[in-house]
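*Asks:* Construct all of the structure, not just a fragment, from the sequences and the given hints.
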Amino acid sequence: MNMKFLHLLFYGIILSAACATSTQPAQSDGATTPIVVAPHAPTTYYVATDGLDENPGTLAAPWRTIQHAVNNIGAGDTVLVRGGVYAETVTVQVSGTADLWITLQSYAGETAVLDGSSLSNHDGALLTIADQSYLTIDGLELRNQRSSQAQDTPMGIFVTGAAHHITLRHTHIHHIENNGGANGNAHGLAVYGTAVPTAIHDIRIENNELHDLKLGNSEALVLNGNVTDFIISGNTIHDNDNIGIDLIGFEGTAPDPAYDQTRAGIVSGNEVYNIDTLTNPAYGGEQSAAAIYVDGGTDIVIERNRVYQSNFGIEIASEHDGYATSYITVRNNLIYHNHVAGLGMGGYDTERGSTHHCTIVNNTFFENDTNQDFTGELLIQFDTYDNVVQNNIFVANAQSLFMTNGYTQNENNLVDYNLYFAPAGAANSNWEWKTVWYDGFAAYQAATGNDAHSLFADPQFANAAALDLRPLAGSPAIDQGANTDAAGALDFAGNGRIANGIIDLGAYEFNPPSFLLYLALIY
Numbered sequence: 001m002n003m004k005f006l007h008l009l010f011y012g013i014i015l016s017a018a019c020a021t022s023t024q025p026a027q028s029d030g031a032t033t034p035i036v037v038a039p040h041a042p043t044t045y046y047v048a049t050d051g052l053d054e055n056p057g058t059l060a061a062p063w064r065t066i067q068h069a070v071n072n073i074g075a076g077d078t079v080l081v082r083g084g085v086y087a088e089t090v091t092v093q094v095s096g097t098a099d100l101w102i103t104l105q106s107y108a109g110e111t112a113v114l115d116g117s118s119l120s121n122h123d124g125a126l127l128t129i130a131d132q133s134y135l136t137i138d139g140l141e142l143r144n145q146r147s148s149q150a151q152d153t154p155m156g157i158f159v160t161g162a163a164h165h166i167t168l169r170h171t172h173i174h175h176i177e178n179n180g181g182a183n184g185n186a187h188g189l190a191v192y193g194t195a196v197p198t199a200i201h202d203i204r205i206e207n208n209e210l211h212d213l214k215l216g217n218s219e220a221l222v223l224n225g226n227v228t229d230f231i232i233s234g235n236t237i238h239d240n241d242n243i244g245i246d247l248i249g250f251e252g253t254a255p256d257p258a259y260d261q262t263r264a265g266i267v268s269g270n271e272v273y274n275i276d277t278l279t280n281p282a283y284g285g286e287q288s289a290a291a292i293y294v295d296g297g298t299d300i301v302i303e304r305n306r307v308y309q310s311n312f313g314i315e316i317a318s319e320h321d322g323y324a325t326s327y328i329t330v331r332n333n334l335i336y337h338n339h340v341a342g343l344g345m346g347g348y349d350t351e352r353g354s355t356h357h358c359t360i361v362n363n364t365f366f367e368n369d370t371n372q373d374f375t376g377e378l379l380i381q382f383d384t385y386d387n388v389v390q391n392n393i394f395v396a397n398a399q400s401l402f403m404t405n406g407y408t409q410n411e412n413n414l415v416d417y418n419l420y421f422a423p424a425g426a427a428n429s430n431w432e433w434k435t436v437w438y439d440g441f442a443a444y445q446a447a448t449g450n451d452a453h454s455l456f457a458d459p460q461f462a463n464a465a466a467l468d469l470r471p472l473a474g475s476p477a478i479d480q481g482a483n484t485d486a487a488g489a490l491d492f493a494g495n496g497r498i499a500n501g502i503i504d505l506g507a508y509e510f511n512p513p514s515f516l517l518y519l520a521l522i523y
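Heads up: the sequence shown begins at 1 in our numbering, then just goes up one per residue.
Among the hints, a few may not be true.
Distance windows between CB atoms, simulated [as the list claims (entries may be wrong)]: (1) 449 / 279: 39 to 47 angstroms; (2) 284 / 434: 27 to 35 angstroms; (3) 56 / 285: 53 to 61 angstroms.
I should point out that these hints are in silico values taken from the structure, not numbers from a laboratory.
Quick caveat: nothing in here was measured; it's all calculated off a predicted structure.
The beta-carbon is built from N, C-alpha and C at its ideal position, and this holds for glycine as well.
*Replies:* Structure follows, in structure tokens:
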């Protein structure tokens with residue numbers, strides 16, 4: 001097991017024990033005393049940099065520290081934190097109820113900042129939630145949690161144990177760093193399901209921004225272990241030196257493999273870009289990070305995301321021999337200008353696990369493999385079976401390379417109803433299938449049986465140079481797909497997925513202006 005997981009597992013156990021004994025810090029980094037919170041009506045409390053913890057916590061007489069606030073609230077309470085810098089770490093050891101959630105948020109129009117610059121301990125998170133529930137964290141900024149010790153794991157937010165009904169939204173997480181060399185780890189936002197059989201569940205991570213993170217062997221936003229029923233939506237994740245969004249199973253985070261798998265969730269409407277391990281000391285100059293990665297997860301929908309300028313756009317794989325990534329649906333995404341490939345699937349060598357029963361449908365892939373190291377738009381790796389690649393648009397760059405598949409362990413995969421285009425034309429296109437290379441679209445079709453209903457034609461984007469990848473009227477992508485429920489109800493733009501009885505190819509459904517709109521425009 002990677003030492004990162006041992007470290008975080010131990011950290012989570014200690015936090016769970018602390019929560020069970022209901023203790024609180026008397027100061028940011030000091031001794032503990034029992035929490036005693038009397039029942040009371042839901043109340044709004046305030047924290048400000050000029051407050052005192054001896055105050056009553058009103059707007060006129062606020063508390064000084066966020067930790068004091070969360071130690072002295074109950075179900076239904078709200079803590080509004082005035083703008084300014086708070087040099088403390090915060091551990092939330094109180095839960096709301098289904099009817100009375102607890103909210104911790106920045107005061108309207110201001111930003112409360114948890115800043116680790118002056119802290120003596122940079123191991124662990126600026127904000128931790130262990131085994132708590134019915135909590136909303138809203139509008140905080142978390143920054144400058146940095147360590148030069150490889151054994152430390154700096155984090156912005158850490159949710160662990162058997163927490164549930166947690167909403168994390170509008171947070172701004174940046175400059176969380178492990179600068180301890182090749183063995184370091186850090187996270188921007190981490191959710192670790194370490195308990196069995198009770199999972200972390202009903203997690204919403206929405207409209208956050210995570211950037212400028214030095215992550216070592218770890219990830220910007222990660223769900224790992226016994227985690228289920230989650231939504232990751234509307235986030236902007238960029239300029240980080242490892243994986244953007246990661247959904248992990250089978251790393252030993254939960255003690256029983258039967259539960260050790262992130263599952264049953266949605267990753268929707270996120271923008272992820274500039275994810276690159278090139279300067280990360282853990283990777284020795286390799287470019288290996290995906291904008292969105294499923295490593296051992298199952299039953300997850302990845303839809304309507306924009307991913308670009310990363311090493312991989314999306315990857316669905318399993319790093320652990322004997323375990324699989326399965327039942328993942330990747331649909332209605334824009335995937336462009338990524339360095340190595342648009343999408344990768346399967347184990348990266350024969351010692352890894354498998355990818356099966358996954359569906360890649362109605363995505364638009366545009367000029368990926370910008371390094372031009374002959375990987376292509378779609379990389380199919382070891383042990384892939386019973387997968388579907390359908391209704392996509394693939395536009396290759398000057399290599400005219402669409403697909404590479406350097407393994408023969410590849411069975412019952414359906415590849416059809418796609419549209420392909422490259423400037424060099426169909427006859428000069430390049431394809432690899434089960435280790436065999438084919439020159440030209442027709443040769444590839446005839447030899448493999450793939451793409452019998454697919455087209456090779458210019459998709460006629462609205463403005464490819466400006467990355468406006470909507471089809472124009474007359475595009476060969478219109479009404480050429482196989483109607484499938486797997487494509488979902490909405491296209492990338494949020495329009496209905498089927499506009500004319502037959503699904504279009506690619507991430508957009510062509511919706512011509514209505515006659516009334518036409519009249520309004522011309523008169």
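*Asks:* Determine for every hint whether it applies to the structure shown.
*Replies:* Evaluation of the provided hints:
Distance hint check: the CB atoms of residue 449 and residue 279 are about 43 angstroms apart, consistent with the given range 39 to 47 angstroms. At roughly 30 angstroms, the beta-carbon separation of residue 284 and residue 434 lies within the given 27 to 35 angstroms, and the hint holds. Checking the proposed 53 to 61 angstroms range against residue 56 and residue 285 shows it holds: the Cβ atoms sit about 57 angstroms from each other.
Checked against the numbered hints given earlier, the structure satisfies every one of them.
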